[in-house]
Amino acid sequence: ETQGTIVPEGFVLVEGTTITGTESWTPSSYVFVSGRSLTIPNLLVSDHEVTRGEYKAVMGSDPSTDSAYDKDGNELTGDAVLNNPVNYISWYDALVYCNKLSKKENLTPCYTINGSTDPDKWGTVPTSRDNTWDAATCNFEANGYRLPTEAEWEWLARGGEEYTYAGSDSVDDVAWYTSNTNDTGTREVKTKAPNGYGLYDMSGNVYEWCWDWYGSISDSTAADGATSGIRRVLRGGSWYNNANNASVSNRNNNNPYNRNNNLGFRVVRPSSIIILWQVKFTVIHNNSF
1 ETQGTIVPEG
11 FVLVEGTTIT
21 GTESWTPSSY
31 VFVSGRSLTI
41 PNLLVSDHEV
51 TRGEYKAVMG
61 SDPSTDSAYD
71 KDGNELTGDA
81 VLNNPVNYIS
91 WYDALVYCNK
101 LSKKENLTPC
111 YTINGSTDPD
121 KWGTVPTSRD
131 NTWDAATCNF
141 EANGYRLPTE
151 AEWEWLARGG
161 EEYTYAGSDS
171 VDDVAWYTSN
181 TNDTGTREVK
191 TKAPNGYGLY
201 DMSGNVYEWC
211 WDWYGSISDS
221 TAADGATSGI
231 RRVLRGGSWY
241 NNANNASVSN
251 RNNNNPYNRN
261 NNLGFRVVRP
271 SSIIILWQVK
281 FTVIHNNSF
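The sequence shown maps to residues 1 to 289 in the numbering used here.
There's no promise every hint is true.
[Claimed, not checked] In silico PhoX-like links for lysine-lysine, alpha-carbon gap of 20 Å or less: (1) Lys100 with Lys121; (2) Lys56 with Lys103; (3) Lys121 with Lys104; (4) Lys190 with Lys56; (5) Lys103 with Lys121; (6) Lys104 with Lys56; (7) Lys190 with Lys71; (8) Lys56 with Lys100.
It is worth saying that the hints were derived from the structure and are not from the lab.
Note that the coordinates shown come from a computational prediction; the quantities given were computed from them, not determined experimentally.
Please work from the sequences and hints to get the whole structure.
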């Protein structure tokens with residue numbers, strides 16, 4: 001069985017790791033801090049930010065408010081915009097999408113709000129602070145789609161490399177940001193170079209929501225972030241932000257109910273594929289004696 005038959009189109013398999021808290025990071029990290037040990041699981045990761053077309057297919061409509069352009073700066077109209085990242089997405093919106101997509105593909109939804117994993121029972125997505133939605137829980141054992149944790153996001157963005165941006169020390173190689181978009185709008189996904197894991201637009205294009213509450217991180221912070229907070233983590237910068245925001249170490253945040261034309265997301269799923277391959281290899285190896 002080859003990797004191509006297991007990994008869905010548009011996804012890459014990224015092997016997990018254990019962060020011990022003794023590593024040094026280039027550029028330095030505000031997340032992988034001294035003494036903080038955590039496990040990054042094997043993940044199936046969307047190699048692109050969720051597109052307007054993907055969002056529309058699951059949710060029925062495309063809420064995006066910004067202009068869409070191709071890589072050469074030509075403005076797109078009609079269905080041509082569907083390959084650009086969806087935007088004007090709140091953290092709450094992202095949870096609805098993840099569970100709806102999981103249900104559509106007969107996977108176990110990750111998120112529970114008010115005792116239910118069915119987004120149709122959650123009611124209208126709030127546009128202001130909502131304690132019930134803020135109390136959402138994530139079942140990290142479920143096989144459905146979810147947002148990455150902030151630690152997962154940074155591990156994925158770094159791509160096994162030591163670059164300032166996701167895949168390069170040259171921001172223009174890998175990111176759509178204020179200087180090469182002139183603040184005009186998003187660009188088609190996957191039109192800049194990928195990072196070492198084959199992931200595109202981890203720097204720039206649209207900011208990406210992460211699961212975690214935003215707060216200072218210490219050696220005792222759980223792998224899935226702080227237990228409470230007011231704002232949720234955003235990472236990666238956008239077409240409307242400067243190069244500094246696009247670095248793999250830069251942290252940002254926003255209220256979970258806020259929507260903006262530079263806010264989007266990407267999805268991940270846990271994967272046992274690599275573990276299965278290792279087991280299979282061991283069995284074959286042992287049988288050869």
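> Okay, which hints does this one fail, numbers in order?
Replying inline: Hint check: nothing fails, all pass.
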